[in-house]
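Peer 1: Residue numbers (numbering that gives the first Met the number 0), protein chains in the order written: chain S, 0 to 140; chain F, 0 to 208.
Each hint should be verified, as a subset may be incorrect.
Claimed, not checked - Partial pick of chain F residues on the chain S-facing surface, computed with a CB cut under 7 Å:
1) I24
2) M31
3) W32
4) S37
5) T48
6) L51
7) I84
In short, the hints are calculated from the structure, not lab data. Here the structure is a predicted model, which is why all the values come from computation and not from measurement. Glycine included, every Cβ here is placed at the ideal spot set by N, Cα and C.
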Amino acid sequence: MSATIEELDDDSPVHPGEHHTHGPSDKQYFTIFWILVAITALEVSTYFWDVWFGEGSWPIAVALLLLLMVVKFWLIASFFMHLRFDSRLLTRIFYFGLATALAVYLVALTVMNIWTDNGNPWYNDPPPNVSPPTTAPPAGG
Amino acid sequence: MADITLEPVEDVEFPDDIHATSTGISNAKLAMWTYLASDCLLFGGLISTYMLYRNRPGEVPGIAGSPVRASELFNIPFTSMTSFILLMSSLTMVLAVNSVIRGDVQRMRLWLVATAALGGLFLGGQVFEFTEFVNEGLGFTANVSASSFYALTGFHGVHVAVGVLMLLSAVGYSMRKELNAEAVETLGLYWHFVDIVWVVIFAIVYLIP
Numbered sequence: 000m001s002a003t004i005e006e007l008d009d010d011s012p013v014h015p016g017e018h019h020t021h022g023p024s025d026k027q028y029f030t031i032f033w034i035l036v037a038i039t040a041l042e043v044s045t046y047f048w049d050v051w052f053g054e055g056s057w058p059i060a061v062a063l064l065l066l067l068m069v070v071k072f073w074l075i076a077s078f079f080m081h082l083r084f085d086s087r088l089l090t091r092i093f094y095f096g097l098a099t100a101l102a103v104y105l106v107a108l109t110v111m112n113i114w115t116d117n118g119n120p121w122y123n124d125p126p127p128n129v130s131p132p133t134t135a136p137p138a139g140g
Numbered sequence: 000m001a002d003i004t005l006e007p008v009e010d011v012e013f014p015d016d017i018h019a020t021s022t023g024i025s026n027a028k029l030a031m032w033t034y035l036a037s038d039c040l041l042f043g044g045l046i047s048t049y050m051l052y053r054n055r056p057g058e059v060p061g062i063a064g065s066p067v068r069a070s071e072l073f074n075i076p077f078t079s080m081t082s083f084i085l086l087m088s089s090l091t092m093v094l095a096v097n098s099v100i101r102g103d104v105q106r107m108r109l110w111l112v113a114t115a116a117l118g119g120l121f122l123g124g125q126v127f128e129f130t131e132f133v134n135e136g137l138g139f140t141a142n143v144s145a146s147s148f149y150a151l152t153g154f155h156g157v158h159v160a161v162g163v164l165m166l167l168s169a170v171g172y173s174m175r176k177e178l179n180a181e182a183v184e185t186l187g188l189y190w191h192f193v194d195i196v197w198v199v200i201f202a203i204v205y206l207i208p
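So here's chain F without its partners, still in its complex pose (with noise of 0.2 Å):
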């Protein structure tokens, strides 16, 4: 059996002020990554609960309520542009960690403002979309339909007004200490998790028949 032999570990070099980790990459990064694989099966469940309910409007009498399903009432147009909203918020997120690494602190806080209003913009059509949806009688109690419907994209929703109270915590952080390139760059992963699961719901929920 042939020898092993260990390396001191005191032998490696850091760079100043930083951790070491086993793995190279910043716990916080990793933990991140970790909680966005995770968020993968929330966001599974509550996209297969629509798919199964998705033809399950109240038409039994006296079983449930509206016959009416969520997808009959999609503004196609209206969601595609919230859809282009939140797009276009991605790429400001990403303009905000170029601007963090080369230094420019304030383009960096234009584009993370930039990108919650972006965020906010998204918001206010979402809940245009559901006071519509309610006004037309289709409440989330209305259907099994009407609650799977409610139930993920209003997840998605509360996700998105988290993102927004991190990027604005963000701006007020970096107006009193330095930020790290590192802790944007982690913002901006939670915050391009929230536009792929958009990407996911706008194509299964919305535009498949």
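Chain S with its partners taken away, still in its complex shape (with noise of 0.2 Å):
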């Protein structure tokens, strides 16, 4: 009895060495393109943003931007990298050391308080002024 590699293993659907030919034509990767670069603009765009509407408008334009870096993330690692198309162990490996990296600076983050000190972690602060040790005059002088 034979059997193929990709009767063995499901998730990978090109023979080892061998490239799949089932990615985005060129066109879909110019509709892509065009997508990032629109997403790009808003982005841009969300700078002036307290200028147009106001001081107000900044949580807004923080969370619309987090949004949309997620989103060009997930457009250029899903399709230019062929995420979508490939293995899904390799879209695992990738967000596991991804979400490995968020994990672990976020709770350092959190704990160098920089959510509620604006950044500016107690041990950072500028260190006490500490006068020379004075030394006594030598005798017979």
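The two chains are supplied separately, each in an independent frame; assemble them into the complex guided by the hints.
Peer 2: Structure (structure tokens):
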């Protein structure tokens, strides 16, 4: 009995060393590119929102920026990097690394009071002034 | 307990000249994805450091130098243009991959050179930006805000520079020997990751006030 690689591993749509040919076409890549450009333009526009809509708009701008950043990240990873068309194992490896980084640094930043102290952790405050040690004059001088 | 029968490995059919892997994914590609996953931690650390110190200019007399923050010197229209350039380089990279899949080596070389040129343009923009900042008195050691900014964007710049070198090496290699599609795709993965990191840096460092 013989088996092909696909039968052995459902996650792997391609033979090792072979290239999958069912990725997006050039035209589809251009479409994704223009979507990314449009998102970037929207991102840049948020920089000027406080002038256009007033100071009160910045929380919305920050939320929108984070959302757009995630969408751009996903579009590039899924289509340009072919995660949507490749083995799911690769998706798991990459997003595991990403999730680990997010978790580690969110905890680190939280421990350093970044959310409550505007990024000024207490241990990074300037050191106290220390006066130079006084030395006794030499005897018999 | 049920008996488990394993099929002999010798019966698996592989294409010619292909080394079998237990995952069905080539080692090079798997290694690149693992490297990229680990690189998330590197850039996560640098971005976190910048977030922590972005509001720490050297405003305390005698403690640190310049009271200027890096974010006060940002030229958003200029950086938007360099971001667009890097985004465009991702497009040329995928067009190179599609070209090599079609067997169009000439066009693949063209798109790879275009990608490298756009990467070089991005680096030129970064050098210009750094020079402007230094001229404003914000050197690498001016204050912790500046140091964390230069460390983050500098590391990203080094990644871009390495990518440009790899792209040009791939073009040179393809002149002498056949470059298979997967090698170009693996190179593309690195290049797109550099773009993805910039997407995050651009939003978090440059645009969020």
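Peer 1: Where does the structure disagree with the numbered hints, that is, which hint numbers, in rising order?
Peer 2: Hints 2, 5 and 7 are the ones this structure does not satisfy, whereas the remaining hints hold.
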